[in-house]
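Undergrad: Sequence:
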Amino acid sequence: KQDKYDEAFIYFQEALTILEKYYNNFHVDIAKCLSSIGHYFREQRNYDKSLESHRRSLAIYEKYYSYDHVCIALTLNNIADILCGQDKNDEALHIHRRALTMHKQFFQFDHIDISKYLCTLGHIYSGQGHYDTALESYQQSLAVVKQYFFSGHTDIICLLHNAGVALNNLGKFDDAMNFHCQALAIEEKYYPSFQAKIAQTFMYIGDVLRCQEKYEEALDHYKQALMMQKNYYPLGHVNIAFTLQNTGIILSQQGKYDEALGFYQRALEMRETFDPSAYESIVAILDNISYTLKDQTKYDEAHNFLRRALVIRETHCSSNHLQIAHNLNNIGIILFNQTKYDESLMFYQRALEIRETFDPSGYEGIVVMLSNISHALKQEKRYDDALSFLYRALNIRETHLPSTYAQIARNSNGIDLIHYEQEKYNEAGEYYERALEITETFNASAYDDIAVLLSNISLTYKRQEDYVEALDFRNRSLEI
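Everything in the sequence shown is counted per my numbering, starting at 1 for the first residue and increasing by one.
In case anyone wonders, no lab produced these hints; they're calculated from the structure.
Treat the hints with care, since some could be wrong.
[To be verified] Derived CB-CB ranges, DEER-like:
#1 Ile396 x His111: 40 to 46 Å
#2 Tyr23 x Asp132: 43 to 49 Å
#3 Glu43 x Ser455: 20 to 26 Å
#4 Leu235 x Thr133: 38 to 44 Å
#5 Asp90 x Leu235: 34 to 40 Å
#6 Thr133 x Ile312: 40 to 46 Å
For every residue, glycine included, the Cβ atom is placed at its ideal position computed from N, Cα and C.
Could you build the full structure based on these sequences and the hints that come with them?
TA: Below, the structure is given as structure tokens:
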């Protein structure tokens, strides 16, 4: 089996031209052709063009069919899947629910098409960070597929990988490896010459090894995947660029920054040359380059790459608000590291405004922005303003993220530090002790954190000339 996506795309385009010439613009065959083109762009990770094709297809189906129809439902599911790829998970979930409700009018829950909806739902939950729920959806989809297809079907391979990725994100590395290895065994049995598919499996296995910090083994799998891809794909193929990028990530994690930059630059050049409209993929590489330059303390260069990414996002991916906010926040971090606190505050504030406007329930992202703003204000000795933002962050955590004990303790500790700078030692001590209580209760093995908190409490008592209490906490710190 050979990967003929590019050749197929040419035929689809030719077919579309003929269909549009001989049929009216709302003929169902045009919709089918547009759906196929949308799938091609999805495989290329060109989400904008894929979305455009599927939306054109949807418009035709909705005009062609007077009532709800399975083709409308499937197209809505395709749109939800693409929105998920763009990190627009809430919008994707809304559309997916409409699609699934419509589809259930026509088929039982165990119909083969239901597996597509369950798979998309898994992608959405995964994008939201709900990996347990995502895993459940993938496993339900897999159970349906196994009823209808033979044991070597490519959909089974795909779902095994999806489950493996979810398990990897849950930190269940051995289970994740087991799923990926099951997929590899099927591929080697039924598709031994399909090197592109096997290469992708090597990438998944490499991802698990990378998360286990087995960097050399991971790198070996990536390099084997790259060799297969170069023998299989034409120069400039999206998957080659993706593997180069992932190899750069591992090298960066190993502290081999110059080597990492070399791989990133090759991936970037390939993307910009052969697929210049793949904006999401290009900005992801620009981000990677900026992170590596930041780790090398080459802040001006890192800033330049982040600016390039921001221009592309604001120009070509303007609806991806959260990625723009993330980009702005990263620029703020660079400026903060350069002690340009006023400028960093401007970018942090813009990022916060976008977060609160377009993702008001994304509490984790909002508190990160609030904390960053507080840090910058603290450096400018604007302590009251800094406290105001930290209090907001703490309130959100306690109200909406009560299980994030370590972060709640960290927020409390941040408030302590500012009170200490203001010489409000009594108030500082209260928040230190609160942070200590939370840490000892929910993260008792965090000995370093506990020792630091005990030492800080000791210092506040010392400042208040309560030497007995100061000595007691100091001794407890030293014991740890």
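Undergrad: If you test the structure against every hint from before, which numbers come out violated?
TA: 3 and 6
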